[in-house]
Every structure is written in structure tokens, then in C-alpha cells.
Amino acid sequence: MSKLVYLVPLFPLLGFLINGLGRKSLSKTAISTIGTGTILASFVVSLVLFFDVKSNGGSVAVLFDFINTDSFTIPFAFQVDQLSSLFLLIITGIGSLIHLYSAAYMQEEEPQHYGRYFAYLNLFVFSMLLLVLGANYVIMFIGWEGVGLCSYLLIGFWFKNNDYNYAAKKAFVMNRIGDLGFLLAVFWILYKLGTATYGDVFAGVSKLSSFDITAITTLLFIGAMGKSAQIPLYTWLPDAMAGPTPVSALIHAATMVTAGIYMIARSNLLYTLAPYTQTLVAITGLATAIFAATIALKQNDIKKVLAYSTVSQLGYMFLGLGVGAYTGAVFHVMTHAFFKALLFLGAGSVIHAMHHEQDIRKMGGLKKYMPITHITFLLACLAIAGIPPFSGFFSKDEILTAAFAKNPVYYYIGVGGALMTAFYMFRLYTLTFLGNFRGTQEQEHHVHESPWQMTVPLIILAVLSVVGGFVGIPELFAKDAHSLEHFLAPIFEGSAKLAAQPHLAPAQEYAMMGGSTIAIALMIWFAVSRYRKYQLTEQTDTGLSKVLEQKWYVDELYNAVFVNPLNALAGFFKNIVEKSGIDGLVNSVGKLVGYGSRQLRLLQSGQVGNYILIMVLAMVVFILVWFNDSTIMHFFSKIF
Amino acid sequence: MPIQYYIYLCLTLFSIGIIGVLTRRNAIIVFMCVELMLNAVNLLLVAFSKMHYGLAIGTPQEATAGLDAQIFVFFIMVVAAAEVSVGLAIIVMMYRNTHSVDINFLNRLKN
Amino acid sequence: MTPVLLILIPLLTGLVTFFIKEPKAAKNWALLSAVITLAVALTAIFSKEQPGFDATWLPDLGSRFTLLADGMGRMLCLLTAVSFPLIFVAVYKNDYKHTGSFYALMLLSQAGLMGVFLAADALVFYFFWELALIPVYFLCSLWGGEKRIAVTFKFFIYTFIGSLLMLVGILFVYFHTKDHSFALQSFYQVVLSAKQESFIFWLFFIAFAIKMPIFPFHTWQPDTYEQSPTATTMVMSGIMVKMGIFAVIRWLLPIFPHASAECANVIIILSVTGMIYASLIAIRQDDIKRLVAYSSIAHIGLMCAAMFTHNKTGLEGVMIQMFNHGVNVIGLWIVADVIEQKLGTRKFSELGGLAQKAPVLAILLVVMCLANIALPLTNSFVGEFLMFNGLFQYNIWMAVAAGISIILAAVYTLNMIQKILYGNTVAATEQATEISGNVQVVLVILAVLVIVLGVYPQPMIDLTKDTVNAVLMNH
Amino acid sequence: MGIIQILFFLLSALAIFSAIMVLVSRNPVHSVLWLIVVFFAISGHYILLNAQFLAIVNLIVYAGAIMVLFLFVIMLMNLNAETEPQKHMWMKLAGAISGGCFLLVLVSLVRQASDLSDKNALMKDGNVGLIKNLGKALFSDYVVPFEISSVLFLSAMVGAIVIGKKD
Amino acid sequence: MNAIILSALLGVVMMFSGIVTKNRTAITYIAIAGLIVLLLGNVLNTYGVFVLHIDTHSMLNFEKFGLFFNSIAIAATLIYVVLSGRDIEKVGVNVAEYYALIFFVLCGVSILSSFSGLLMLFLGIEIMSIPLYILTGADKRNLKSNEASLKYFLMGAFSTGIMLMGIALIYGATGSFGLGGTVRITAATGLPMHTSFLEVAGLLLLFVSMCFKVSAAPFHFWTPDVYDGAPSVFTSFMATIVKAAGFIAFVRLFDAHTEVLGPTWKLLLAFVIIATLLIGNVTAVFQQSIKRMLAYSSIAQAGFMLFALYGGNDLAKEGILLYTVAYSLATIGIFAVLIKMKDYTFDGFNGLAQKEPVLAFTSTICLLSLAGIPLTAGFFAKYYMLASVVDAGGSLWLVIVAVFFAAISVYYYFRVIQAMYFKEGEAATNGVISQGFKTGLLIVAGLILLFGVFPSLVLNAFYF
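Protein chains in written order, with the numbering used here: chain Y, 1026 to 1665; chain W, 575 to 685; chain R, 664 to 1138; chain B, 8 to 174; chain P, 7 to 470.
Please note that a few of the clues may not be correct.
As the list claims (entries may be wrong) - Once the Cα atoms are required to be at most 30 Å apart in a straight line, the calculated DSSO-like pairs of lysine-lysine come out as:
id	chain 1	residue 1	chain 2	residue 2
1	R	LYS810	R	LYS1010
2	R	LYS810	Y	LYS1616
3	B	LYS172	P	LYS348
4	Y	LYS1185	Y	LYS1049
5	P	LYS429	R	LYS684
6	Y	LYS1185	R	LYS1010
7	R	LYS1020	R	LYS1010
Just so you know, the hints here were simulated from the structure itself, not pulled from any lab data.
Pulled out of the complex, with its shape left as it was, chain Y reads as follows (with noise of 0.2 Å):
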């Protein structure tokens, strides 16, 4: 059973390197088959291992040593376990819906682009395969590095517009400024423990001194923070709109973004222990969370409007690792994937009928030319904004339980959060969806519907939206209904027993419960009566408005503090230091001696008056050096 687990990221390399090499000569229609349909093959593989783990747990394949020296040995091994296989299920489930979307949504590219398009998804599949699965912290380092190189390759997937590709540059330059972190931590973990695997490294545990185990752990959330867009390093996630609409979509939900989350899931025990560290994470999440949210709720471009909640959904799910709701921050990945990805397929749906704008405020209207997206959209719209049934209500609200008990101001500030993300997907739904179309005659000649291609798996995204809470059901409703944490309760064994999960009273519990659903549906309301009638209009934004449309200057902020100083030094040390500094030394060495010449050359003067009188002083100086006994000074100063 457990060679089967090489299938898995088998099949989507098969896919990368079919399509790639093949580009040029498969049609279109093999090109997305082949691409669909390996990711779909490895979901098969995956939920085959689900139930295999479900009932006989987790097992490790070695399949070759990577790096074996005489300090440490690095396997090329796959671990299948609770958390991995979960993963397993999201990505390639999510993946594979993703691709037969693609097939249909990249149309019109031409041949050998469309293919190159698949090659990258089938790849950005692998390595996030490759990072889940990884039996040790180096493996999952090389999918780790593998998802930044997928997401460099496809934001900047157009690569006629040079904007797109300082875009997918930030994302790797970003992302690999977490990656020394990451790299960073496993250097530490090696050095201390000479293992990089996670069983050993957690069964040592007790070797690591309680700075080491906070040392790693703030490296590792470094990284974490790269990769999951957290603050201070999120600003590429946004500009990463720039590449096809689908890959958004895979970036967000199922792959790339949750692979920060799925690392300190992972790694849950050394967090456990690092209470300053969780205390970071947790920090850094709800700031992240409410600051995402306040961006978000100025945006136009819809795809942005969409990033900047995904950026403050991972907050959120770093809250909850950082308080130390691992159940709860993996099962909010887990609807998240669910309807983020029916977002931004539904957004996808929305650009591709409107033929490449994104701007919503020239939009209005839609829901009478596409229903099925409509409807699909909406319900995705209430699973983020939190209402119960649907399936971020149970999520989010696991987590944010999880943070009152914790630190009430942690649940206050979420909420606020929370609301704000129901105020800014309702805009955006309402300025979407509802009133008049404020486009062009000529875009709404062509708005239509999509095809089946795109609308079945948005029709499947809408359904696991809203049902996909369920397997999380607080222990509240029902006692034991929550399913998932029993599923995983290997995976988090080690941390709970370090700490508890504290439960709260019911009452209370109902009364959180009650009153944020409340506050979220009036906000809904206050959103979608406020949006309803919008007019374009040509005034721009003023005071704070103009501050959060543009995202609170952080990139300029960047620019200003890192970017151009960096730049400036570098031009100091390439026109100062490099070349009159060193090189000037260096060549002044050859000067010297040109000059030198010069000068000794006017010693030989040509006349033999000259040469004879300086022989005959150098051997006065030659006499006087030699007796240099005082016995010539001696008779000078008594001469003298």
C-alpha cells in the first residue's frame, strides 16, 4: 500500500513533462486531458491512501537517499499520515477541478502556450505534492522552493506584459526571503539534532534547549510567513493577480499559500513548546487578518479584492495555530480551499465573460446573464463571511473560540475582522452581481454564461461549500461530530497532551456564536443596501478611503525603506567601491609604478658627472652603514 504513495506525485510529473516536451505537437484537447486527468488519477491515489490511513494509519516510503554524508542522512522519503493525507485530498481534489476549469478558461491561447500553461499546473501540483508529502523538513524545503518557482512561472505566465513579470518576480524574490528562514531552521534543526526527519526530530525534542526550540520555530514561522503571505511579507500575493485567473485559484486554495500553515500543523509540537513563538504567530495573524481585511475593503479589481481576503483568511488560520487550534487552523484550510477556489473560479468566470475586465465598478448587474456563477458566487460569499451552515461559519468559528480562550482581545479584535470581511465580499458580490450593468454596450452583447467546463466545477466548489463544515461540528451541536479532529488527533497527540484545549461554557460559546452571526448578517445587509445602487462616478477617494485603496503604501513603504536603498548601494559599490575603490587600488598599484619609471628614469641622466658622484655617496653611505658602531659619528663629533 505505501508504494502507491510514489503515484501520487507521480502522475502530475508525468503530466509536466508530457505537456511540456509535447507542446508543440499535442492538440489542445490532449493537452488538457492529459493535464486533468493525471491530477485526477492522483486524487484516485489519494483518497485510496485516505481510507488506507484512515484505518491504518500513517507510513513512511523511503524511495532513495537524497543527501547521505557522514554527518546526516537525508532520505528521499514520503510520509502518508493524517495531516499529509488530508492535503493530499485538498490539492489534488481542488487541483484537478482546477485544471478541467483551465482547460476551458485558457481557450484561447495558442497551442504550445496552452500546453506550457499545463506543464506549469501539473508542476505547481508536484511540488506541492512533494511538499506534503515529504518525510522530512528537506524534502518538504524542495517543494517548499518548488511551489515559489511554479508561482514565479505562472504569475508571469504572460510574459509580453513586463508588469506581470516584476509581479512573479516579487513573489519569488518574497517568498525566498522566507525561504532563508525556513532553510535557516532546518540548518538549526540538523545542527542540534543531525535529522531532518519529522519523527525523529520530534522524538529528540527533549535534546533542544528552549531557545533552540524558539529559534526554529521563529525561522520556520519566517518562512511561513513567505510563503502564507503573512506580515511584513505579503505584498506579492495581491500583485500575484496578475497571472491566469485559475492559477489564482490554485495559489489560494490548494496549493503555495497553505503551505505555511501545513508546516507548522506539522511541525505542531515544536510550536506547543515555543510559547513565544506561538504568541508571535498568533500576533502576527490577527494583525495580518484585520490589516488584509482593511485593504480589502477599498479594492476594485476583484481579483485583489479576492487576494487581500485570502491574505487575511490565512491570518486567520495562523491565529488559530498560534493559539493552538491546529485542528482548527488545518479545517479552516480546508473550507477555505473549498470556496476560495469558487471564488476565484467564479470571479474567472466572471473576467472571462466580461472579456478580461476586472474592474467591478464597471460591472453590476451579472446575475441575469450568469446564473449558475451567480448562485455559485453567492454561496461562497456566505461560507467566508460566516454564516452558519455554511462551511466557514464552523472553520472560523472553531478558531476563534480557540483565541477567546486564549486571549479574549484576540477574539474581539477576529471578529472585528470578521465583519470586515463580510462588509468587503458583499461589496464586491453587490457591485458584481446585483444593480445595473455600468459596462460597455459592447461587453454586455457578449456577457454569457460559461461552459460546462467551468460551471460544473463550480457547481461541485459550491456544494463542498456549503457542506464541507461538517465534518467539523463543534462539540457544542453534537458530541464527537467533529470528525476531522478525530481524524487528525495523531497528527496534534504530542501537543495536546503538552496543552489541553481549554473548552468554554456553552452558554458562552452560544453567545459568541449567536451574537457574531448577527453582527455578520448585519453587516451583509448594511453592505449590500449600501453597494445596490452604485454609479460610476469620476471623484476619486479621500482621507483614510484613499489610504486603504492604496493598500496603506506598504509597497511604497518597501520601495522607500529596502528596495531603493539596496538599489542605491548597489550602484555605489558597482560606479564607487568596485571601480575606483578596488579596482582603482588595484590599478593605482600599476600607475605607481608607471610613475615610477618615469621618475627613475630621470636618475640616468646621461651624464657620467652625475652617475660617478652618486656611486661615490652611496659609498660613503655603504661605509657609514657598515661601522654604524658609532665609531664614524664618534670621530665626526670630534671633528665637529
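Using the hints, position chains W, R, B and P against chain Y.
Chains W, R, B and P only, in chain Y's frame:
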């Protein structure tokens, strides 16, 4: 006669020769000053010869002590004669070409 | 006997090549020679025991013509043997005036390089060290760019000073060996006082530092790489810089164990400074060749730093990275050469959109660039991973500082990809076509090497294990 | 102070004075003449030291042959005081000072040399300087240099011919 | 002894050959034959075969070192005449006399390699110098040649004066003209003599005059002017064989005296070495004429050869011989090419590789050897010099300084290579270069390379 006296005398003559070489421009005079230096050396050698002879009186070396220096002086004179013939020939050749024996005039070759 | 063949084949064929007038014949002949050398090198790799050779040379001086191919030597010989046929194929379509002399000098430099990697006698080593340099000097000066004469001259004198200092060091050690011998083993057993050791250490190190090059001895390098004919640049940056690293491992660390531990701090700081410095400068470059040159400085800096950490991990990393960096950088130079040959410019500001015109080139360049930034599953990753690991064990902050260059590497490498491949076509690239078959073949081979060694680096690690253990035995 | 001492000082003074006159005479012919005086003075010293052979040779070879040759050349070139250019004053000064320094330094050494303090040059007596003894030595122990010096003369002769002969 | 006698006789033979035949080429052939005879005679000498049995009364001391050097000098002269004989014929009408003078110089050289007292040293130096004054002025119509000759003569005579004063002072202190080395006994007391001021001062003056002969700074001033002014063929001769002989004399002389000299000796010598290297190398950098550059380079090489004196051990003695071979071969080779050129400036060499590849190639080998690049004889020459000092110990700094100057020397040597290979131009030669000449050059280059790989060929000959 204390040997120092001879040494002082010869060194003085020798230095006068050097000063002559340094201060005169006429190649012939310069050359003559060199001859003066050689003569100073000759005198010194003879003086030393007699000194060593004096020291060796009554020792087995008596028969030969000091002899070599005088022979050396003889050879110096021989060499000086040969040098003079060549030197004057060169000076004459120079004079033929430039109508001058001024050594400051010799500065085509420099730097 | 194999080691001698490795030196003799290129040496003799090289001398013959001087007299081949017909360009085509010279090319084929050189290629044939390189392939034969490769075959011999492969047999050396797969042989069970260490191939060696020993013959009398200068008995009065205590020098014997001793060659020894330990793991590291064999690996670098393999690198040399692999590189040359690839380079010859890659530049097959380029026209060099006096083709015969060009290929002859290339082969001579190959002989020199092989000798350096095989020499087990200090004097022999020094000989080959110079023999590798002289042909390169002529290659650069004769077939280089506009400023070639001044630039290569500087390079030559610079490295010559270094090697003379090394010679002084060799002499000093020689006179302190018990049996007055230049043999490697005698050198290893030499006992010097602490003061002597640290002084002589620097004599050697400066020579190697110039060759590598290590900040601040690097300024000859970008100019020379830029001005040289690309085939030569490939040899220089792909293989010749490894001479410096190789020499440190073979001749410095074991002979001066205390000094190298003592000075490690200074050298590592220099190297790390150089990494960041070079990376920053690379960001601002507008020329492919200069960018690759500076990036090479940064990478070599890491290797140098890792060598002096004196731990196994770091050293193992250096070992395999020597090979990997060679492969990667040769790939990058080939691309640079192709672009220059095809479009007549190397300036980023005059390039763009090449991915539309030459997708194969684009893909292969991206693979090479990814290897350059040590992406996992490319060959560099393993090496850099181990090296950083070693550096980390030595000092965390050094690893952090060096790590910054990883980020910067991403910045400049992606900049390069973007400016060459992406965006819209410009005047220079409007008429560009796909790269020719021979270059494709070479790049594909290199790309395959990149991936294969990235996924399965173990053979390289096993190959060089003996050297690592031998070097660290004294510590 | 015996007659020998008096003669020594007289001759020394004469030699030094004439040597200086060689330097300061503007007219080359005068220089030559003064130099001949120096040679005579030195020959006087030789006689004082009982080096008869050298005294005679000195007179014949130097004062006689060589200086006449000089005189001859000077006459041939028709050089006189008016035509001879003089060196710059500071060059002369520098020459005099450095020559003086040379003298001072060496004299100081001699003054310090303790091993010379009680040594004398044997005057008058001693027969090393006699022609008989010198001749014997020259043709026995010193025959090789003696013969070899013929090569010197040969080359000087050839040289003078090569240089002097008109093409 | 054979060498001294034969060279003197052959000198006479050459003098008369001018009367017998007016055919210049014939005279050259006679000279070549004479040199071969001389070489044979000298080699036979080492095997104990003598032309005449002469009792030298310990005036001369024939040891292997000196005899072997004679062979080197004679062989070098042979190569020199073979390569440049045709150019000697062009200097002036007195070809036979030139050869005669060259043989006389060789006689002086042979004396310098075997003197055992200061008298023979003095005679040897004079016998070597006087013909050179004349050869320098051989180009009688050329003012430069005249000037060089007069300068050389005046300064040479002056240095002779200094040397004689030195000898006189040494005699005053020791009562003998013998070489030092053994502890002398004072005649009066029978006790070992302590070193006197006079002797040291005398040695110092002797040192100065020897420095002058080998053109060590700051007594080198005659060298550039004389080498530049003299007819190029004779410059080649002077810069190689004569200079080497000077060094052999220098080493032989001070080899015996080092223990008399105190520790200051090394300091002073180091100063001279550094000054020589500095002036030779640095001044050469800016020269425009290759001939003058080579003059300075010969000063620089002298700086390296002085290392043998500094090292003062067996390695140094072996080294100086190898250095002599390497340096002479290379310099003779490069001068042979230079003489053929119309224009002696660097620009005059531009593009020579295109026109005369053999000339360019051989001069490159010679220049590489002069620069001390491995695989050429020059490398091992320098190697021995450095090694002798390192072996002597304690003076590593001097070696390092020297190494930097060696790097500078690469600069000006390679300028010639650059001109020949990398620059475009019309390098013009005097007339057609004969095939024989090229073959000769190739043989010289081959020898340089051969000794560069197997220096033992030279050194083993030394040990037999």
C-alpha cells in the same frame, strides 16, 4: 714612519682624484685624475709592503714579505699603461667626431 | 597510467593542432581529442582503486613527477573532461581566425588543468598551475574583445603575482620537510611553528584567492570574463576558478591546519562580504557576461567560506559544488555566447522578448538560471545546502549574512531572465531565431546533468568522501 | 725629526699641493705638468721607502711615457683654458663635498683602527724593493700573471688600432 | 688552463686571419671553428688533458665550478657567434679584430672563473674590460657608440681605481692578496687575526667595484647607456657572457669572505639587491626602445643573480650556473632577433607574428624565460635563486619583495609579446631572414624549453 701617515696621504691623494673626476668636464683631465687615484693606491701598496716587511723581519716570511705588493704595483702600472692607450684612443675618436672632449656633451644616451 | 593519459592526450593533440590549417579539420580534431579524454576520464571515475603515476623527474630537487587521482581529483578531471567536448560543440559554429591555434591553446589549457588536479608533487603542481594560465592568456589576448590586451594583461600579472607568492611558500615548506621533498605526503607531514605557519599560509592563500577569486582580489575577473572569447571564459569560470578551491583543499588546509583554523574567521568574513558585495553589484549589471561573472564571485565566495568552516558538511558541499558550479556556469556562458553571436549585443537594455523567438533557448536558460540560484532538485541546491549547513555550524550569523546572497541571487538572476526572455521583442531581437542544433544538444546535456545531479547527488558525495576525510583528519 | 721625516713631509706636501693644482688648473697643459710633479713626488716617496725599482718605473712609465702621451693628445686637440667649459658651481661643490666625505669617512676608520696604531712602514732599509728580488719573483711565482698581462697589451694594441685606424 | 691559453692563442690567430683573408664570412667560420676548439679544450681540461703543463704557483685554481662555467661561457659565445656572426660582420671593417677581442674577453672570463688571488682577479677584470671598451666603440661613425665607449671607459677606469684601493686596504690589513676564507695568522704574534677595519673597508670597496661590473644599483648607471649605445651585437655579448663572468667572479670572491663580513653584510647586500631590482624593473617599464628595455632588464636580472651571493650556499652556486645558462640563452636569442629588426621600438615589433612567425615564437620563448615562466629555463634559474635564499633562512621578506619585482618584469617582457602577437603592424626586418638563422633560433628556443623541463641536464653536467 707610522703607517697611518701613509694611509692619510694616499687617501688624500685618492680623494683628490675622485674630486677631480667629479668636478672636471674635460675627459682627458678626468682620466688624469683616475691616474692620480691609481698612483695613490700604488704608494699605499708600497707603504704596506714595507710595513709587512718590517713586521716579518726575523720570521720565516722575511724573504717574501712585502714582495707581492710591489709586484702588484708593477702590474697596476702595466694595466694603467694599457688603459691609457685605449682610453686616449677612444678620446681621440670622440674628438674626431664631435670636436670636443667635454663629458657633459655626452648626453645622447639617457633616461 | 590513466592520469598521464589525461594530461598527455590534450597536450600532444594540442601541439599537433597548431599545425592544422583547415578550420574544420582543427575543430573536428580537437573535438575528437576531447572526447577521447572524456572516455579516459570516465574509466578513471569507475576504477576501483585510486589511479596514480610516479616517475623520476628532478631527483636533485626532491621532486618527482607524481600524479594521484583521489576522489576530488577524479571529480575535477571529470569536470574538465566533460566540459571541453561540450564547449567545443557549443562553439562549433563560431569562426575564430587561426582556428588551429585557437583549439591548440584550448587543448593545452586542458592539459594544464588536468595536471593541476592530478599533481601530487608541489613543483609539478606549480608547473601545471602556470601551464594552465599561459594558454588562457594567449586565448584571451588574441581572440578577446576590444579591451582584451589591457584586461588580460592585468589578469595575467595579477595571477602571476599570486603564483609567485605561492612559489615562495612552496619553497619555504619544502625546506622544512624532513626529507627535502616536494611530495604531497612530505608536505603534509611538515611541522612549522605557529608564526611561520600563519605567514606561509597567507602566501599560499593569496595565490588561491586571486585565482578563485575572493573579494577583494576579484577585480580582474569581470573584466577578463567580459573581454575573453566565450569559449575561454567557460574554461576560466567553469574550471579554472576551481583550481583555487581545489588548491586550498589539497595544499592549504592539510598543510597548515592551525593557521587555516586561525585565519578561518578572517577569510570567512571576507568571503561572505564578497558574496553580498558581488551579488549587489550583479543586480546593477547591464551585461550578461558581467552579471554572470559577479554571480560567480558570489558563488565562489560561498565555497571559500564553507571550506574554512572545517567541518565535514561544509567541505562535502564544496566538493560537489565545484562540479556543479562548473556545469551551471558553462551553461550560462553558452547562453551568453549564443546571444552575443546571434544578436550582437550582451546588454540587457538592448534585449527582450527572446522567449517568443527562441522558446527552447528560453527553457534551457531558465533551467540554468534556476540552477544558478540553487533551486531544490537542481544540482546546486545540494552543494549549497551542505555548504550553508557547514557555515551554519561554524557561525550562525555568517550563515545568515551569506544567506542574504541567496535572496540577492534570486533578484539578479530573475532580472536577467526577465530582461532577456520576457517582455516584448525589441530591435535586436526582432529577427532572432531559435538556437542552432549543436548548442541545443549541449544545453540539453547540461540541463540533464543539472537535474540528475540535483535529484541524485549521492555518487558525487561518495566519490569525494575520501578526500574530505583525508583533509579533515589533521583537525 | 730626522731627515727622513722632513723629506716625507716635504714630499707629501708637494704631492698634495700638486694634486690640488691638477684640479684647479684651467689649462689642461698645466694640469698635466702638475700631475707630473705629483708623480715625481710619489717617486720620491718610493725612494724613501727603498722601492728603487718602482721609483724608476714610475718615472719612466708614468711621468715619462704616459704623461707625454697625455700632453701629446692635448696638444693635438689644441685645448686651452679658454675653450674648456666649466661645470656648474654646485656640481663642483657637490663633487668636492662627496669626495671630502669619502676621505673623512675612511680617515676616521683608520684613526679608529687599533691594529694599525703601532705599525710603521720600514723606511730606507729592507731589500724587497730591489730589482733583483722583484725580478726573481716576477719570473718565478708571478710568471703566469706576467705572461697573461701580455694578453692585456695585445688587446690594448688591437683596440687602439681598431679605434684609431681610419676606415 | 687550456681555456686561457687557447683563447689567447686564438685571439692572435684571429688577428692574423684578417691579414690572410678579406672574406668576412670566412673569418666568422674561423671564429666558429676556434670556439669549437676552445670548447673542446676546456672540456678536455675537466678530464685532465692539458695543452701545456704550467705551474701557476697557485695564482689560479681550477675547480669544477669555474671550468664548467667556462664551458657555458664558451658554448654561449659559440651560439652567439652562430646566430649573430653575420651581424658582427656588418659593424665595421675590422671583423678579424672584433673576433680577436672577443677571444681576449674569453681569456679574461676564463681567468675570472679560476683566479685564486686578488692580483689575478684584477688582471682578469682588466683583460675582460679593455676589449669591451673597444667593442663598445666599434661603430666609429656612430656618435652613440662613441659616447657609450667613452662613458664606459671613464667609469670603468674609475671603478678600477676603487677596486685597487680596496685591494690595497685589504693587503694592508692582511699582508696578502689571497682570498679570505681561512683564518689568517698574524705573522708577528702567531695568533688568529681579528678582522680589522681596514680589511672590511677594503672589502667594501671591492664589493662596490664588483657591483659596478655586474651593474648592480646604485653602481649600474653605465649599463643602460653603454648597452644602448654599443652596436647591438656586442651589447648581446656584453649583457650575457661578460656579465655572467662578472657574477662568477663576484660569487667566487665573496664566497670566501662572507665569514669575515659581519651581519651588516646581508643588510647591505639586501639593499643593493632591492635597489637593483627596483631600478632595473621599474625603469624598464617606461622604455620605448626594446634595446634599452633589455638593458634595464639585464640590471633587473642582475638583481636576481645577486641572490646567489646572498644565499651563499651550494644551492646558490648551482643556481648561478643555471641562471647563467638560462639568461644567456634567452638574451642571446632575443638580441639575435632584435638585431634583425629595422626599428628597435616596441612599435617596430607590431605584427611580427604575422610576418615572421618563427622569429616571434622564438622571441616569445626567450621572453618567457627571462620572465621566469615555468617550462622555460628561466623559471628554474629564478627558482634556484629564490630557493638558495629561502634555504639560507631568515630572509623571506627579501624573497617576497623580489617576487613582486618579478611580476613587474612580466609587464615589460610581455609588452613585446603583445606587440608581436596582438597588435597590427608592419614589423620590418633587415633583409631576408635566412632559414639557417631560423633553425638556430629554434634550437635556442628548444634548449630553453629543454632546460626548463629538465634543469638537471645542466646541473648533472656540473657534477659529472
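How the hints compare with the structure:
no., hint, result
1, R:LYS810 / R:LYS1010, "holds (17 Å)"
2, R:LYS810 / Y:LYS1616, "holds (18 Å)"
3, B:LYS172 / P:LYS348, "holds (28 Å)"
4, Y:LYS1185 / Y:LYS1049, "holds (19 Å)"
5, P:LYS429 / R:LYS684, "holds (22 Å)"
6, Y:LYS1185 / R:LYS1010, "holds (19 Å)"
7, R:LYS1020 / R:LYS1010, "holds (18 Å)"
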